[in-house]
Amino acid sequence: QQPVQSPQAVILREGEDAVINCSSSKALYSVHWYRQKHGEAPVFLMILLKGGEQKGHEKISASFNEKKQQSSLYLTASQLSYSGTYFCGTKPAAGAGSYQLTFGKGTKLSVIP
Amino acid sequence: NAGVTQTPKFQVLKTGQSMTLQCAQDMNHEYMSWYRQDPGMGLRLIHYSVGAGITDQGEVPNGYNVSRSTTEDFPLRLLSAAPSQTSVYFCASSYSTSGPNGGYTFGSGTRLTVV
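Those protein sequences? They're chains A and B, same order as listed. Counting with my numbering, you get residues 1 to 113 for the letters of the first sequence. Counting with my numbering, you get residues 114 to 228 for the letters of the second sequence.
These are calculated hints, taken from the structure and not from any lab test. Incorrect hints may appear among the rest.
To be verified - Computed cross-link-like contacts, DMTMM-like style, restricted to lysine to aspartate or glutamate with a CA-CA straight-line distance of at most 20 Å:
1. A/Lys105 x B/Asp151
2. A/Lys105 x B/Glu185
3. A/Lys37 x B/Asp151
4. A/Lys105 x A/Glu16
5. A/Lys108 x B/Asp151
6. B/Lys122 x B/Glu172
7. A/Lys37 x A/Glu66
8. B/Lys122 x A/Glu40
9. A/Lys105 x A/Glu40
10. A/Lys50 x A/Glu66
11. B/Lys122 x B/Asp151
12. A/Lys59 x A/Glu14
13. A/Lys37 x A/Glu14
14. A/Lys26 x A/Glu58
15. A/Lys108 x A/Glu14
16. A/Lys108 x A/Glu40
17. A/Lys59 x A/Glu16
18. A/Lys26 x B/Glu172
Unchecked claim - Label-pair distances were calculated between CB atoms; the ranges are:
19. A/Val43 x B/Gln135: 20 to 28 Å
20. B/Gly129 x A/Tyr74: 26 to 34 Å
21. A/Thr76 x B/Ser131: 25 to 33 Å
Being a predicted model, the structure only gives us computed values, none of them experimental. C-beta: ideal position from N, C-alpha, C; glycine also.
Use the sequences and the hints to build the structure in full.
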């Protein structure tokens, strides 16, 4: 089942912060985050494994709440280069589909000067 | 390393024609998969493979076949193209199916139009 991302779109001025949320109805093993720029392929940002960890990548970090089956991506002091569509992908904790990464519909982030 | 290489980048097919989208990776990744991306739909899994000789269906497998005879190659075959298969197709691979090395590397995509 497809994870739900929110918001669908967000516009930021340079230097502002943003949070993108991803929630699933299934128990999760892992959450992935990717960024895709227009006309390009998705690029891997980070993976979070069950255990409730938080990771960072430059000024982009993420958290994973295993009990709530939710993950959040935090973008701080946004730069123009952060513009793009952000996708979360989820893998279930067990059972059928555990090898399958299911993506949300994406959050379009636009950073303006 | 070239990473994940997809060919062709663009293709126009007539309804009913068949074709094969090629995908090759040189990273010794065990896991490979095919996704299609349509506006507003995100990325939807077509087929995947956890190793040479092993393939399985994803969310939207109808109309597509795959095989995995080598670790490096994972071609996607459209049996009889339909306008509903107009989409951007991405091949992706990862070193493992679990753990911290499970992040996907995507190819540059194939933009397919069926008329």
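Outcome of the hint check:
Between A/Lys105 and B/Asp151, the direct Cα distance comes to roughly 10 Å. Compliance with the 20 Å bound is thereby established for this hinted pair. Of the pairs offered as hints, the one joining A/Lys105 and B/Glu185 is violated, with about 29 Å between alpha carbons and a cut-off of 20 Å exceeded. Proximity of A/Lys37 to B/Asp151 is assessed by CA-CA distance (about 15 Å); at most 20 Å being required, the pair is judged to hold. Annotation: proposed proximity of A/Lys105 to A/Glu16 is violated, straight-line Cα distance about 23 Å (limit 20 Å).
Taking the CA atoms of A/Lys108 and B/Asp151, the gap is about 15 Å. The hint holds against a cut of 20 Å. A distance of roughly 24 Å separates the Cα atoms of B/Lys122 and B/Glu172; the hinted pair therefore is violated under the 20 Å criterion. For the hint pairing A/Lys37 with A/Glu66, the CA-to-CA distance comes to about 29 Å; that exceeds 20 Å, so the pair is violated. For the hint pairing B/Lys122 with A/Glu40, the CA-to-CA distance comes to about 12 Å; that is within 20 Å, so the pair holds.
Only pairs whose Cα atoms come within 20 Å are accepted, and A/Lys105 paired with A/Glu40 is accepted, the gap being roughly 16 Å. At roughly 6 Å between alpha-carbon atoms, A/Lys50 and A/Glu66 fall within 20 Å of each other, so this suggested pair holds. Only pairs whose Cα atoms come within 20 Å are accepted, and B/Lys122 paired with B/Asp151 is accepted, the gap being roughly 16 Å. Distance hint between A/Lys59 and A/Glu14 is fulfilled; the C-alpha atoms sit about 13 Å from each other, no more than 20 Å.
Taking the CA atoms of A/Lys37 and A/Glu14, the gap is about 17 Å. The hint holds against a cut of 20 Å. Among the hinted pairs, A/Lys26 with A/Glu58 is inconsistent with the structure: their alpha-carbon atoms are about 30 Å apart, more than 20 Å. Distance restraint check for A/Lys108 and A/Glu14: the Cα-Cα separation of roughly 15 Å lies within the 20 Å cut-off, and the hinted pair is therefore satisfied. Proximity of A/Lys108 to A/Glu40 is assessed by CA-CA distance (about 14 Å); at most 20 Å being required, the pair is judged to hold.
Pair hint A/Lys59 plus A/Glu16 holds up; C-alpha atoms about 12 Å apart against a cutoff of 20 Å. Only pairs whose Cα atoms come within 20 Å are accepted, and A/Lys26 paired with B/Glu172 is accepted, the gap being roughly 16 Å. Taken as a hint, the range 20 to 28 Å holds for the pair A/Val43 and B/Gln135, whose Cβ atoms sit roughly 21 Å apart. A C-beta distance of roughly 49 Å is found between B/Gly129 and A/Tyr74, which places it outside the suggested range of 26 to 34 Å.
Checking the proposed 25 to 33 Å range against A/Thr76 and B/Ser131 shows it is violated: the Cβ atoms sit about 49 Å from each other.
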